[in-house]
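Given the coordinates of chain A, assemble chain B onto it according to the supplied hints.
Number of protein chains: 2
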Amino acid sequence: MATTEMAIDTYCHEMAEAAKEASRVLPTLPGEARNRALSHFSRLLREEAPSVMEANQKDLEAAPSFGLTGAQVDRLRLTPQRLGSMADAVDEIIMLADPVGRVIDSSVRPNGLNVMKVRVPLGVVFFIYESRPNVTADAAALCLKSGNAVILRGGKEARHSNIAVAGLIQKALAAEGLPNSAVQMVGITDREAVGEFLRLNDFIDVAIPRGGAALIRRVADEATMPVIKHFQGICHVYVDASADKDKAVEIVENSKCHRPGVCNAAETLLVHEHAAGNLLPAIGERLLARGVELRGCPRTCELIAAATPATEEDFDTEYLELILSVRVVPDIQAAMDHIAKHGSGHTETIVTEKLAAAQQFTTAVDSSAVFVNASTRFNDGGQFGLGAEIGISTDKFHARGPCGLNELTSYKYVAFGNGQIRT
Amino acid sequence: MATTEMAIDTYCHEMAEAAKEASRVLPTLPGEARNRALSHFSRLLREEAPSVMEANQKDLEAAPSFGLTGAQVDRLRLTPQRLGSMADAVDEIIMLADPVGRVIDSSVRPNGLNVMKVRVPLGVVFFIYESRPNVTADAAALCLKSGNAVILRGGKEARHSNIAVAGLIQKALAAEGLPNSAVQMVGITDREAVGEFLRLNDFIDVAIPRGGAALIRRVADEATMPVIKHFQGICHVYVDASADKDKAVEIVENSKCHRPGVCNAAETLLVHEHAAGNLLPAIGERLLARGVELRGCPRTCELIAAATPATEEDFDTEYLELILSVRVVPDIQAAMDHIAKHGSGHTETIVTEKLAAAQQFTTAVDSSAVFVNASTRFNDGGQFGLGAEIGISTDKFHARGPCGLNELTSYKYVAFGNGQIRT
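As they're listed, the protein sequences go chains A and B.
To get the numbering used here, take the position in the first sequence, counting from 1, and add 12.
To get the numbering used here, take the position in the second sequence, counting from 1, and add 12.
Extracted from the complex, chain A is given alone in its bound form (with noise of 0.2 Å):
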C-alpha cells in the first residue's frame, strides 16, 4: 500500500484515469452487458459467501480497536442470509429500467432537423461512504446499471468485507468482458486520499458522501467536482386547525416512532393554536406510551405534563432517536416560517381536512418531499417508486429527493439531419 504522499497521489490518480476510461466505454455497451455483469456479480455473492465472511470476520475482530459499540458491531456483521440480501438487492436493481440512451423529449423542428434529448451516464462517480458493507453492492450495482464508472471508497472498519465484495465484483466484470477499471474500491485508508480523489475533476465527475454531517460537509468544502449531498433531515409534521384527530395521532406517531435513526423521520410537531388543546393530551399520550421524550413550548408543556421545556436548540436539531420538539403555532403562516428558518429542506408534512391549507402548504414550502396527510417515512425511492436509491439530496441542484438510477445520469441533445445549416 501508499506510503508516502507522493504514492498516494500516484495510486489516486491512476484509479481516477482508468475509471475515466471504462466510462468511455459503458455507454457504448448494450444494457445487456451491464446486466449480465451485475447478475454474475449477484451469483457470486451467493456462491463465495464463505470468502466474504472471512473477510468480515477480520472486521469484526478489529471492531473493538475502533470502539465500535456492540450494535455497530452487529450491522457490520455478514452472514449468508445478509449476503443474500445484497444479492436480492443487486437483482432488483438489474429489473430496472436501463436509463441510458433513453429518450426523454424530443421535437422535429420546422427545418426538418430531428431533435432527442437522450439519457447519459455522468460518467465517473466518486462514493465516499461510512455504512455496512452491504451499501458497497448497492452503489457498485446503481452506478454500473446507470452506465458510470465508480470508485468507491468505504469506511475504514469495514475494510476487509469492502475489498471481499469489491474483488467479487471485478471477478464478474472480468468474466463478463466489461472493462474491471468500471468498479474500484480504494484500498487505502489513509485520509489524504479522499482529499486527493476531490482534486481529480478532470476524471471524476460527481461526489457523493452518505454518512454523518462531518463527513459530508468535509466533502463538501473539498470537492472540485459537483457533489450530491445527503445531509440532515430535520423534518416536521404540521397538524393544522382542520386536521382529523386519528389521522394527526397515526402520522405523527409513524413520522417519529417507525425508524427514529433516519433521516425522513420527524424531529418537530407544529400544532396549530385551535387544534392544540384537543389534539396534543392525545398525541402527548400515544407518543409517550412509544417511549418519546417531548420538548414543548410553554403551551405545551401546559396541555402534556409529562413534556420538558424546549429550547430554541431543539428545533434546530435532528434527535434521530425517540425525542420530539413540539411547539403551538397561532396559524398556517407562523409553521411554514418556523420550518423556513430551522428545517432542512429534506420532508415535512401537513395533517389537514382542508384543502386550502394543502395547497398552501404544498406550493410555498421549499423541500424535498412535502406530504398532505402521509408520514414523512414515505420521502424515499422505494416508497416513489423509484427503486433503490443512492441517497437522499438535500440539495436543489440537479438531483432532489430519493436518488436513484435517473439521477445518477445527465442527458445530451442528438439530432439527425440532412443538410441543415443556420441561414
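I should point out that these hints are in silico values taken from the structure, not numbers from a laboratory.
One thing to keep in mind: the hints can contain errors.
If several chains are the same, the list does not tell them apart, and a pair holds so long as it fits within one copy or across any two.
[As the list claims (entries may be wrong)] PhoX-like mimics (lysine-lysine), calculated; alpha carbons at most 20 Å apart, straight line:
1) K353 with K366
2) K366 with K183
3) K183 with K257
4) K424 with K168
5) K424 with K353
6) K32 with K353
7) K32 with K168
8) K129 with K168
9) K424 with K183
10) K129 with K257
11) K366 with K259
12) K353 with K259
13) K353 with K70
14) K366 with K70
Since the model is a prediction, treat every value here as computed from it, not as a measurement.
Just chain B now, with coordinates in the frame of chain A:
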C-alpha cells in the same frame, strides 16, 4: 457606494438576504403576476428609452478609458431600435410556458399515495456577465419568469446602462406589487463584491458566469454554491468516408463561417482518409473563398496548397475567428479519440450517409449536442425550440447544453395521502 471591505460585506449580504426573501414569495404568486411585471418592464423599455440612452451615453463616453475597440463600443451603444429588440425579447419570454408548478412526473402508489414531481424555481441566481446591456434584460426576464430571484452583476463598461435598465425592472416590479428584491443589480464595481457573493451559499443557490474563460474560471474556483458554466466550445465536424460531398461542403462552411465568434462555431475539421482526396480540395476552395485560414496536418497540406502546418496546440484552440484546424484521420474511431482528447464537450457533427457510423458517433461522443448531417450552429436554445437561453452549459451536472427556463428550475415531490403510514 461602499468603500471599505466591511461595507462591501454588508452590502452584498443585505442584497443576498433580500433576494432570498423574495425567492420565498415568488413561487407562491401565480405565473400571471410574474408575466404582468415582465410586460410592464417591456413597456417601460420602449416608453423610457430616452432615459436609458442618456445613461448609455455616460458608458459610451467612458468607453475609451476602458480601452474598448470600435466594435466593442458599437456593441455597447443603445438605440431606440435596440431597446425595442430588448423589449421584443422580453415579450417572447412572457409567451413561453410557465415552468413553475408543472407536474413533470407522477404516480399513484399501491397504498393510494398520489406522488407528483413538481417543478420549482432554484431560488436565488447570481448572474455575472461581461456582455452588452441587452443581457441584463434577458437574464432578468428568464429568472423572473422561472420564479427565481436574481442578483445581476454586469461589466463595468456598461455600468450606467445596466443600472438604468435594472431601474426599469424595479419600477415594473413595484407597480405590479412584486417584491422589488426579486431582481437586483449590483451597483458597485469592486471586484471583491463578486468574491463576497460567491461565499454567500446560505442565500444564493446557483452562480452563472457568462463571459471570457478567465471570468468563468474565477467563478468556478471561488464559488461555494453550484455553478452553471459556459466554457469554451472547441467544436468538431467529422466528415466520414461515406459523406455526401455537397452536404459536407455546406455543413463545414456553415459551421465555421456563419458566425465564427460564437461558441458553437466549428474550430476543427476531421476528415476520413478515404474521403480526403475527393473532399478536402473542394472544402478548401470553399473556405478559402470565405477568407478562412487553414492549419492542417501533413496530408491536409498536400491536398490544399494554401494550408499551413498545424501544431498540436492548434487542435486545443478555440479560435473564435476565421481559422480552421484540419486533420485527416484513418477511421471514425480515430476521429472520436481526437474529439475525446481535444474537444470541450460542446458540439460535434458527423457528416455521413451510413447509419452505423451515425449511430456509433452519436452513442460514443460525449458532448452537449451531437449532430448528424447538420451544422454545429444548431446547438442553441432557440434552434432546439427551448426558447431564450441564459447560456449553453458545458457541464454534465444539472443542465447540459442550452439553458432556458427549465434549466433554471429544480423540483420537489408533493404527495397527497389520506392518512397513510409506513408499516
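Results for each hint:
| no. | hint | in the structure |
| --- | --- | --- |
| 1 | K353 with K366 | neither (24 Å within a copy, 59 Å between copies) |
| 2 | K366 with K183 | neither (57 Å within a copy, 37 Å between copies) |
| 3 | K183 with K257 | neither (56 Å within a copy, 48 Å between copies) |
| 4 | K424 with K168 | neither (38 Å within a copy, 35 Å between copies) |
| 5 | K424 with K353 | between (38 Å within a copy, 18 Å between copies) |
| 6 | K32 with K353 | between (41 Å within a copy, 12 Å between copies) |
| 7 | K32 with K168 | neither (25 Å within a copy, 41 Å between copies) |
| 8 | K129 with K168 | neither (41 Å within a copy, 38 Å between copies) |
| 9 | K424 with K183 | neither (32 Å within a copy, 40 Å between copies) |
| 10 | K129 with K257 | neither (48 Å within a copy, 28 Å between copies) |
| 11 | K366 with K259 | within (14 Å within a copy, 63 Å between copies) |
| 12 | K353 with K259 | neither (26 Å within a copy, 60 Å between copies) |
| 13 | K353 with K70 | neither (46 Å within a copy, 44 Å between copies) |
| 14 | K366 with K70 | neither (58 Å within a copy, 57 Å between copies) |
The earlier numbered hints that this structure contradicts are 1, 2, 3, 4, 7, 8, 9, 10, 12, 13, 14.
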